[in-house]
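Protein chains: 2
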Amino acid sequence: MATVPRTVRFAARTAHMRASTIREMLKVTLQPDVISFGGGLPAPELFPTEAIAQCTREIMEEYGARALQYTVTDGIPEMREWVAQRLTRRLGTPFDAHQIIIVNGSQQGLDLIAKILVDPGDHIVLENPSYLGAIHAFDAYQARYLAVDTDEDGIVPESLEHVLAHAEPPPKFVYLVANFQNPTGRTLSRDRRERIVRICEHFGVPIVEDDPYGELRFEGEDLPALVSYPTSGTVIYSGTGSKILAPGMRVAWLAVRDPEVHEKLVLAKQGADLQSGTLTQYLFARVVARAQDFEQHVKTIRRVYHERRDVMYDALTEDMPETVSFNRPQGGMFLWARARGVDTTDLLQVSAKDGVVFVPGVSFYPHCDVTDGMRLNFSNASPEKIREGIGRLAKAVKEMSS
Amino acid sequence: MATVPRTVRFAARTAHMRASTIREMLKVTLQPDVISFGGGLPAPELFPTEAIAQCTREIMEEYGARALQYTVTDGIPEMREWVAQRLTRRLGTPFDAHQIIIVNGSQQGLDLIAKILVDPGDHIVLENPSYLGAIHAFDAYQARYLAVDTDEDGIVPESLEHVLAHAEPPPKFVYLVANFQNPTGRTLSRDRRERIVRICEHFGVPIVEDDPYGELRFEGEDLPALVSYPTSGTVIYSGTGSKILAPGMRVAWLAVRDPEVHEKLVLAKQGADLQSGTLTQYLFARVVARAQDFEQHVKTIRRVYHERRDVMYDALTEDMPETVSFNRPQGGMFLWARARGVDTTDLLQVSAKDGVVFVPGVSFYPHCDVTDGMRLNFSNASPEKIREGIGRLAKAVKEMSS
Chain P
0 MATVPRTVRF AARTAHMRAS TIREMLKVTL QPDVISFGGG LPAPELFPTE AIAQCTREIM
60 EEYGARALQY TVTDGIPEMR EWVAQRLTRR LGTPFDAHQI IIVNGSQQGL DLIAKILVDP
120 GDHIVLENPS YLGAIHAFDA YQARYLAVDT DEDGIVPESL EHVLAHAEPP PKFVYLVANF
180 QNPTGRTLSR DRRERIVRIC EHFGVPIVED DPYGELRFEG EDLPALVSYP TSGTVIYSGT
240 GSKILAPGMR VAWLAVRDPE VHEKLVLAKQ GADLQSGTLT QYLFARVVAR AQDFEQHVKT
300 IRRVYHERRD VMYDALTEDM PETVSFNRPQ GGMFLWARAR GVDTTDLLQV SAKDGVVFVP
360 GVSFYPHCDV TDGMRLNFSN ASPEKIREGI GRLAKAVKEM SS
Chain U
0 MATVPRTVRF AARTAHMRAS TIREMLKVTL QPDVISFGGG LPAPELFPTE AIAQCTREIM
60 EEYGARALQY TVTDGIPEMR EWVAQRLTRR LGTPFDAHQI IIVNGSQQGL DLIAKILVDP
120 GDHIVLENPS YLGAIHAFDA YQARYLAVDT DEDGIVPESL EHVLAHAEPP PKFVYLVANF
180 QNPTGRTLSR DRRERIVRIC EHFGVPIVED DPYGELRFEG EDLPALVSYP TSGTVIYSGT
240 GSKILAPGMR VAWLAVRDPE VHEKLVLAKQ GADLQSGTLT QYLFARVVAR AQDFEQHVKT
300 IRRVYHERRD VMYDALTEDM PETVSFNRPQ GGMFLWARAR GVDTTDLLQV SAKDGVVFVP
360 GVSFYPHCDV TDGMRLNFSN ASPEKIREGI GRLAKAVKEM SS
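First to last, the sequence lines map onto chains P and U. For the first sequence, counting from 1, position 302 maps to 301 in numbering that gives the first Met the number 0; every step adds exactly one. For the second sequence, counting from 1, position 167 maps to 166 in numbering that gives the first Met the number 0; every step adds exactly one.
Check before you lean on any hint, since a few could be wrong.
No copy labels: a pair is met if it fits in one copy or bridges any two.
List time: in silico SDA-like cross-link candidates among lysine to any residue, alpha-carbon distance up to 20 Å [as the list claims (entries may be wrong)]:
1) LYS397 to ASP121
2) LYS384 to ALA314
3) LYS298 to ALA64
4) LYS397 to ARG65
5) LYS397 to ASP318
6) LYS298 to VAL361
7) LYS384 to ALA18
8) LYS384 to ALA64
9) LYS394 to ARG189
10) LYS352 to VAL341
11) LYS298 to VAL33
12) LYS394 to ASP150
13) LYS384 to ARG327
Simulated from the structure, these hints should not be mistaken for lab results.
For reference, chain P alone in the conformation it holds in the complex (with noise of 0.2 Å):
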């Protein structure tokens, strides 16, 4: 018989699907000499190792097979019930166990909330720049997005207004980061976020609260979440371990009330990889119940991080030349400068080859059409390596104007 000459057949939805511009830098900032602002890195000389070495012996010694075997889908209750009582405390809204369901790390929440509302075409709204890794796991989905104007103070509520006014067709979702934004490190200001609630509750649009800055504020007060606003709309909040303990375990967590929309996410998860790893639940929630530890580890990492956000204001202000523009945010891990004049996907070939990196602001932009920002990270390097780093991104920049 003849062999017919048929060869692997993607499905549709690959040519959607790009590579991160992040991910792949990782492999750069691999290199021991150069000083990466770009990945979305925490300070790796605070997890608590030892903590993770002691737990895990207990956990064996405790439960022994039960932390190794299959467990339920949606986490196991011990780890629900801690990301339960957490939010109820930290937002000020109360949730219950039944309503979170633990994912592998928040990139796995994204994903699974657009497969259970993403059709071919769907429109999601997003913040104009809008996080990556949202971005990339509705690109999987073939969404289309509406951009939505930001400023320092987050979403414009009258851009939302009239993006939601004159979609067609009507979003699935609105998507954003409230606190400490990724990339621009920005805050949805206070009275903005109730008004934030009631447009989309108006146009009957769900949103989805990424929140995986929240508990990483130094300074300031801690705004409502948007999940705390009564309203008869949805609003799907995600949180995450990743930035309070440590991304490796990947833990994370979607707290949702629509029971309907609980279903479908757990069904979808179910599909997806059965269950997230027991043995780093039952870890994770042994490690954040001794509960003093845990409190004084998160307030560590926000003193570091804030003395870290310290030192690159600081270098930025006195290194870099006017075209530069910049912010100081009050949390997170992320500072956001603009480059007037210059792009800054050029500027990276040449600060990379002086051994510093960063994330160009274009890819952050769902229609690419900004290309002078730049996202630095200031969570992952010291303070004398941030000095130096900015020195080096100061002096690419002066190179690049001239």
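Given chain P's structure and the hints, the job is docking chain U onto it.
Quick look at chain U alone, frame taken from chain P:
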């Protein structure tokens, strides 16, 4: 402004997503007085809890923060290297670490494969009956199924040929479990293996060879993997650590020679969850690096499952009425029985009251058209419980038949 009453609008694919009978059953099996042949759970008493505790400490002391930080999407080099070497030795065909992708359990591998290959309405070829978890993974991509006949020697080549010759649209891939299949425990015979590869090559249809149980052969000789036959076609091989170490670690792998398929799978995983757990990968790699202990561990699993298969087979022979036929798999975790004239979904209702559960066969048939099958797991219960459980089950069958 008047509120637009628009509730959450789900994606079309959610209509295809179903709850897993088996995952639902996990809840029942948590009751201590119920004997379960339902889940596909490994014997928990064999999990190496002491090694897990020790190795975690070693990793924290040796690698520290690196084992808790973000890492690359395709998996840590140590883990990929070990998989490549083990597959090369076990399957007798060379694999390189760069062809391996570490995934969160083989379920994620199946999800990612469908994600890059399947558009709504596409055909996937399945064994009849086939693994339920795979069907659930594929359901989310709105696949349609073409079922190929199977007998005690696995998938029937003539039936596969017939299905491929008449399929319109041509299927995106053939999915099969060649060793100790789930649910039937059947193994694809040696002479059929190359024929299957040749048929798929002829029709230009990729093969997805899922091999979770290949290491669990306790009788007879290992047969060549489909991926070991030289072919111009594409074979994606899926393996897992769940059955040789512990499912709660969620460490599994895809081995993919086609560079384009490999690249797309990594991109898909990046969007889906960035990466698998860093800590559990280091931990898995460490445990298996104690090579002698690990080989001994796998031998113990085989010995224990062998004994349990014998006990279950003997108990079935003694207790069951003539209307019940069953097989005697040479490995794996499942035995397959047919109860002539009995709808096993009804039987489960009766037997559950008598304190024994199993998975009714109907859900494993893509078209749900065979109702007298039972999947009986023999790995998770002690010999005493197996004898007692089969006794209870036989009683229930007799009740139903009378």
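We went through each hint and held it up to the structure:
Taking identical chains as interchangeable, the C-alpha atoms of LYS397 and ASP121 are never at most 20 Å apart, the minima being 43 Å within one chain and 55 Å between chains. Taking the shortest Cα distances, LYS384 and ALA314 sit within 20 Å of each other inside one copy (11 Å), while across copies they are farther apart (69 Å). Only between protomers do LYS298 and ALA64 lie at most 20 Å apart by alpha-carbon distance; the minimum there is 19 Å, versus 34 Å within a single protomer. For the homomeric pair LYS397 and ARG65, neither the shortest alpha-carbon distance inside one copy (59 Å) nor that between copies (35 Å) is at most 20 Å.
With identical chains, the CA atoms of LYS397 and ASP318 are at most 20 Å apart within one copy only, with a shortest distance of 10 Å there and 86 Å across copies. For the identical chains of this complex, LYS298 and VAL361 are neighbours neither inside a copy (33 Å) nor across copies (54 Å), given an alpha-carbon limit of 20 Å. Within a single copy, LYS384 and ALA18 get their C-alpha atoms no closer than 28 Å, and across copies no closer than 51 Å, so neither meets the 20 Å cut-off. With identical chains, the CA atoms of LYS384 and ALA64 are at most 20 Å apart between copies only, with a shortest distance of 19 Å across copies and 44 Å within one.
Neither within a single protomer nor between protomers do LYS394 and ARG189 lie at most 20 Å apart by alpha-carbon distance, with minima of 38 Å and 67 Å respectively. In this assembly of identical chains, LYS352 and VAL341 lie within 20 Å of each other by CA distance solely inside one copy; the values are 17 Å within and 73 Å between copies. Within a single copy, LYS298 and VAL33 get their C-alpha atoms no closer than 29 Å, and across copies no closer than 47 Å, so neither meets the 20 Å cut-off. Taking identical chains as interchangeable, the C-alpha atoms of LYS394 and ASP150 are never at most 20 Å apart, the minima being 28 Å within one chain and 72 Å between chains.
Proximity of LYS384 to ARG327 under the C-alpha cut-off of 20 Å is restricted to the intra-copy arrangement: shortest distance 19 Å within a copy versus 65 Å between copies.
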